[in-house]
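**Q** In the numbering used here, the protein residues as written are 1 to 351.
It is possible that part of the hints are untrue.
Have a look at the derived ranges for each label pair, beta carbon to beta carbon [unchecked claim]:
(1) E184 / S239: 19 to 27 Å
(2) E153 / E288: 55 to 63 Å
(3) G135 / G242: 29 to 37 Å
(4) Q146 / P291: 39 to 47 Å
(5) F134 / E184: 16 to 24 Å
(6) L337 / E182: 34 to 42 Å
(7) D34 / G343: 30 to 38 Å
(8) G135 / E92: 37 to 45 Å
(9) E248 / E184: 37 to 45 Å
(10) E288 / A334: 47 to 55 Å
Keep in mind that the hints were calculated from the coordinates and are not lab data.
Note that beta-carbon positions come from the ideal geometry of N, C-alpha and C, so glycine has one too.
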Amino acid sequence: MRTLGMLTAVCLALPLSVAADTGRLSDMLQMIPDAAIPAGAPRLDIAYGDGDAVRGVARNGNMAWPADDWAHEYAALRSASPGQAAALRAGEGEALSLSWRDWVHTLEVSAPPARMGVHFLFPDSEMRLRGALFGHGMEMTPRNGQMVLWQGEADHAARPDAVDPTNPFGGAEGLSTRFVVEGEWARWATGWPQIDLMQAGGFPTLADRPEVAQAVAGLSEAVRRHGRLVSVALSLDLSGQGLADWPEAALAGVFLADVVNRREEAALVGVLYPPGTDVDAIVARLRENWPGTMLARWAADPDITPIPGPRPGFVLTIGGDWGEDEAASNDALAALLRARENGTLGALIAP
1 MRTLGMLTAV CLALPLSVAA DTGRLSDMLQ MIPDAAIPAG APRLDIAYGD GDAVRGVARN
61 GNMAWPADDW AHEYAALRSA SPGQAAALRA GEGEALSLSW RDWVHTLEVS APPARMGVHF
121 LFPDSEMRLR GALFGHGMEM TPRNGQMVLW QGEADHAARP DAVDPTNPFG GAEGLSTRFV
181 VEGEWARWAT GWPQIDLMQA GGFPTLADRP EVAQAVAGLS EAVRRHGRLV SVALSLDLSG
241 QGLADWPEAA LAGVFLADVV NRREEAALVG VLYPPGTDVD AIVARLRENW PGTMLARWAA
301 DPDITPIPGP RPGFVLTIGG DWGEDEAASN DALAALLRAR ENGTLGALIA P
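Sequences and hints are given; from them, build the entire structure.
**A** Given below as C-alpha cells:
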C-alpha cells in the first residue's frame with residue numbers, strides 16, 4: 001500500500017499531457033500524397049477549417065437548439081476555405097446544393113498551377129453533391145475503381161465559359177475539376193495527376209513534408225495552450241524567394257489561425273524564417289516595440305510560443321472574449337488582419 005501511495009503521489013506530481021484539438025487537420029493532410037504537389041511550385045497554401053468547433057460553441061452545448069440555422073452559418077463561414085466562403089456568400093447560403101449545415105471539415109490546397117482539396121461532409125450530403133455536380137454538366141468516368149465526375153479537358157485550365165461563383169471548387173475561376181464523392185468524403189483536384197494520386201493514397205503524404213510538419217507542430221503547440229482550432233490559413237515559400245504577400249518580413253512561412261475555448265477566442269499568427277535567422281533578436285525587438293502598437297490593447301505583453309526546427313519561428317497569440325456578435329466572428333483575428341493590412345504586424349515580425 002505504501003508503494004502504491006508513493007506511485008500515486010509521483011503520478012499526480014507529473015505534468016499532464018494535453019493533446020491539441022486541431023480537428024482532422026493532420027488526418028486530412030495525410031489524404032493528399034506529397035507527390036501531388038507539382039515540381040517547381042513556387043509556394044504552397046493550405047486552408048483548413050473545422051465547422052464543429054464553432055457549431056457546438058454557438059449552440060452553447062445545446063444540440064437541440066430550436067433556431068440553429070445561425071449556428072450552422074457561423075460554423076460554415078468561420079471555418080470555410082476562401083473558395084467555399086465566397087461560394088456560400090454568392091449562393092446566399094447554398095453552394096452546389098449544399099447549405100451551411102453540410103460543411104464540417106474542409107481542406108483546400110493550392111500549389112500553382114494545381115489546386116486540390118478534401119471535404120468531410122454532413123452524413124446525408126453525398127447524393128445532393130453528386131447530383132449537383134452531374135447537373136452542372138460534368139461527365140462521369142470510371143477511374144481507378146471509382147466513379148470520377150469531371151469537367152475541362154486541360155488540367156488546371158481556367159475556362160471563362162465555366163465560371164460559377166457558387167461553385168466552391170475553383171468555380172470562381174472556371175477551373176477544370178475532377179471529383180470523387182463517396183460516403184462522407186469529397187475529394188477534388190484541378191488535374192488528373194492529382195486526383196489519381198489522391199485515389200491511390202500512399203506515402204509520403206503532405207503531412208510528411210518537412211515544412212508542413214514543422215508548421216503544424218508549431219500550430220498544435222499553440223492550439224493546445226489556447227483552445228480548439230476553428231480554421232488556419234498556412235502559406236509556405238517553396239522557391240527560396242520569400243512570400244510576395246509578406247515582402248517586409250522575408251518569411252519562409254506564415255499561418256493565421258482562429259481558435260475558440262467556450263466563450264473565449266484567440267487569434268494566432270505563426271511565422272517561419274529562413275535557416276540561420278536570429279529569431280531571438282526578432283522576438284526581443286517585438287517585445288520592445290509592442291507597447292506602442294494597436295495590438296497592445298489586447299495584451300500588455302506579447303504571448304510568444306517558439307517553433308523549433310530548421311526554419312526557426314514563433315507563434316504570436318492575442319485573445320479575448322466574445323464580442324457583440326458572439327460566435328459569428330473572432331474580433332482578435334480581425335485585429336490581427338487589420339494589423340497586417342496597415343503594416344503594424346509586418347513591422348513587428350520583420351528581421
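**Q** Kindly indicate which numbered hints from before are broken by the structure, ordering the numbers from low to high.
**A** Hint check: 1, 3, 4, 8 and 10 fail, others pass.
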